[in-house]
Amino acid sequence: AQKITQTQPGMFVQEKEAVTLDCTYDTSDPSYGLFWYKQPSSGEMIFLIYQGSYDQQNATEGRYSLNFQKARKSANLVISASQLGDSAMYFCAMRASDDYKLSFGAGTTVTVRA
Amino acid sequence: NAGVMQNPRHLVRRRGQEARLRCSPMKGHSHVYWYRQLPEEGLKFMVYLQKENIIDESGMPKERFSAEFPKEGPSILRIQQVVRGDSAAYFCASSLGGLEGDEQFFGPGTRLTVL
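Residue numbers (the working numbering), protein chains in the order written: chain A, 1 to 114; chain B, 115 to 229.
Check the hints yourself; a few may be wrong.
[Stated by the list, open to error] Straight-line C-alpha distance at most 30 Å; calculated DSS-like pairs for lysine-lysine:
| # | chain 1 | residue 1 | chain 2 | residue 2 |
| --- | --- | --- | --- | --- |
| 1 | B | K185 | A | K70 |
| 2 | B | K176 | A | K70 |
| 3 | A | K3 | A | K73 |
| 4 | B | K158 | A | K70 |
| 5 | A | K16 | A | K101 |
| 6 | A | K101 | A | K3 |
| 7 | B | K176 | B | K165 |
| 8 | B | K185 | B | K158 |
| 9 | A | K70 | B | K165 |
| 10 | A | K70 | A | K16 |
| 11 | B | K158 | A | K73 |
| 12 | B | K141 | B | K165 |
| 13 | B | K141 | A | K73 |
| 14 | B | K176 | B | K158 |
| 15 | A | K70 | A | K3 |
| 16 | A | K101 | A | K70 |
| 17 | B | K185 | A | K3 |
| 18 | B | K141 | A | K101 |
| 19 | B | K185 | A | K101 |
| 20 | A | K73 | A | K101 |
| 21 | B | K158 | B | K141 |
[To be verified] Sample of chain B residues at the chain A side, in silico, Cβ under 10 Å:
| # | residue |
| --- | --- |
| 22 | G173 |
| 23 | E177 |
| 24 | G187 |
| 25 | P222 |
These are computed hints drawn from the structure, not numbers from a lab. None of the values given here were measured: they were computed from a predicted structure. Backbone N, C-alpha and C define an ideal beta-carbon position, used for all residues, glycine too.
Please model the complete structure; the sequences and the hints are all you need to start from.
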């Protein structure tokens, strides 16, 4: 079984600053993938970034980067240069390599202030 | 190059009625997944289907819920005799295959409200 923990229910960040969203996970699978999704107030789920458990480098996608610390079982999302449009709920998710089910955390709400 | 489509986007039902949620996967995708998001929670897996087959329905309630993905047409999630606790957002995702690296693309969701 897999468990995803996001301990920050809500965060405020000033526009143009960076914000780090915490995600820890628990799994016995040797190979897995970690995902971050953004859910704006309109409700859709937008894929942001993916990290494979055997990837040597941390994943980056534009202003999003994933701080992957395998030994600590953490996969924190860093959003740099926050914009007002980044205000949304952010979900961390994982999937074992031999599985298809995504397991999601409870989410973190980010509010970007002008 | 349309993405995953779901309809309706919003659905209101009274207790005891039936709800039918539709999902059209991305072109070329034959794997469909349904997830449910209760208020203030993350998404929870319900069921995984391929064309004409239910592969895994371990996350689906045993009663009142059913899903299908026919050879032709969209995938349907059906909830019979809805209750207030069924109020949630229901997301469909599709992928090219069911393996690692096969990214699941999500639809916009259907928000079901049971009065």
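Verification of the supplied hints:
no.: 1; hint: K185(B) <-> K70(A); result: violated (42 Å)
no.: 2; hint: K176(B) <-> K70(A); result: violated (37 Å)
no.: 3; hint: K3(A) <-> K73(A); result: holds (11 Å)
no.: 4; hint: K158(B) <-> K70(A); result: holds (24 Å)
no.: 5; hint: K16(A) <-> K101(A); result: violated (35 Å)
no.: 6; hint: K101(A) <-> K3(A); result: holds (12 Å)
no.: 7; hint: K176(B) <-> K165(B); result: holds (21 Å)
no.: 8; hint: K185(B) <-> K158(B); result: holds (26 Å)
no.: 9; hint: K70(A) <-> K165(B); result: violated (37 Å)
no.: 10; hint: K70(A) <-> K16(A); result: holds (29 Å)
no.: 11; hint: K158(B) <-> K73(A); result: holds (21 Å)
no.: 12; hint: K141(B) <-> K165(B); result: holds (13 Å)
no.: 13; hint: K141(B) <-> K73(A); result: violated (36 Å)
no.: 14; hint: K176(B) <-> K158(B); result: holds (15 Å)
no.: 15; hint: K70(A) <-> K3(A); result: holds (15 Å)
no.: 16; hint: K101(A) <-> K70(A); result: holds (21 Å)
no.: 17; hint: K185(B) <-> K3(A); result: violated (35 Å)
no.: 18; hint: K141(B) <-> K101(A); result: holds (21 Å)
no.: 19; hint: K185(B) <-> K101(A); result: holds (23 Å)
no.: 20; hint: K73(A) <-> K101(A); result: holds (19 Å)
no.: 21; hint: K158(B) <-> K141(B); result: holds (25 Å)
no.: 22; hint: G173; result: holds (8 Å)
no.: 23; hint: E177; result: violated (21 Å)
no.: 24; hint: G187; result: violated (22 Å)
no.: 25; hint: P222; result: holds (4 Å)
The structure does not agree with the numbered hints 1, 2, 5, 9, 13, 17, 23, 24 stated previously, though it agrees with the rest.
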